[in-house]
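Novice: Protein chains in written order, with the working numbering: chain D, 1 to 143; chain U, 1 to 78.
In short, the hints are calculated from the structure, not lab data.
Worth double-checking, as some hints may not be accurate.
[Claimed, not checked] Partial selection, computed: residues in chain U whose CB lies under 7 Å from chain D: (1) F8; (2) A33; (3) A51.
Every residue gets a Cβ at the ideal spot worked out from N, C-alpha and C, and that includes glycine.
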Amino acid sequence: MPSSESTTFRLNDHGIDVAGLRRRLEDPHCGAVVGFDGVVRDHHGGRAVSELRYEAYAELAEREGQAIVDEARARFAVRRIVAEHRVGLLAIGDVAVYVGVAAAHRDAAFAACRYVIDEIKSRVPIWKHEHYADGAAEWIHPD
Amino acid sequence: MRVHLRYFASLRDAAGVDTEVVEHLGDASSLYADLSARHGFMMPRERVRLAVNGAVVPWTQVLGDGDEVVFLPPVSGG
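Bound conformation, chain U alone (with noise of 0.2 Å):
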């Protein structure tokens, strides 16, 4: 399966990258494991929120080809 990942704040700046496209196989938090070890985000799961194709949606959520995948931090505006 392939997602397209973006990402925001912090955890851009430890990707290197706005956008990534990977192949993974596996559940949402598994996914979030993988790119943490890859990238070193410092951020454990449960600071954060996932949202796909552009709503919140629960860590239960499953994946599906062509995803687009967002991992918030904890947000700060206003």
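Next comes chain D alone, as it looks inside the complex (with noise of 0.2 Å):
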């Protein structure tokens, strides 16, 4: 499916302006409009984090992740996605990643916002690079 105004990943390079993101999933058709903000946390595996920084192979990254829009707009009967992702340093408390879905129900929304944040996080070509609160830092890489 061709991907448009109203299906749209980005990365982003200075802060995610949610309510901006919010007002772009504005649409007389839809009654759900459901949101997914992924927010960076001071804890991980029971260490304290300071910041972190996400690295992506930004070509690929921005073409997959417009992938997962349009099959998540394919998939499910929802109206407008947008989704944002954050490179860069980052602090505790920033959002790290936007997930917007707008949909004539509600069901369809809460799927399609599930499909998109989880498909991000296992397939986007982004890495994390958390620093903690000792001044150690290690990339995280699931297993």
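These two chains come separately, so use the hints to put the complex back together.
Specialist: As structure tokens, then:
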């Protein structure tokens, strides 16, 4: 399915404007808007996290991310999907990823939102470099 | 055959460079094995995906002269 203004994935290197993305989901046909904010937390695996940095293989990440939102648009009865993922240095509390979905009804909106965030986490070439309170830092490569 | 490599995340740290151009005769698996030996990559090939010219492809993909090759360690976005 071709991408359109209403179905987009982008990398973002400066800060995710959740309210602005949410406005792009407004659609008089839609009675359900579901948003997921992934936020930087201060702990991982029992260690205190101070900040983190996301790095992407940008060309492939944007292509793969767009493929995911297009898949979700085709699989679920939804009208609009906007997703952004940060790259660069993030502080605790910063929004790392946003996925917003608008649909006529809530079941499809929840399902599509869940699909998009799960596929982003498993497929899109973005890597997290965690910086810990004790000064150490580590790339996260999940099993 | 010359291939253009780009490295990301832990593989870039291990390689110590963002990019390099290497001469290689053989498939992508043998290229990864050579680079692992040279750069000390600890990531087994089974955990790595292959991207050629900006697309994820199976390890059986035949490499061509001038290809951009990226070995993708497990991703951790989200």
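Novice: All the hints need checking, so say for each whether the structure fits it.
Specialist: The hints, checked one at a time:
no.	hint	verdict
1	F8	6 Å, holds
2	A33	19 Å, violated
3	A51	6 Å, holds
Hint compliance for this structure: hint 2 is the single one not met.
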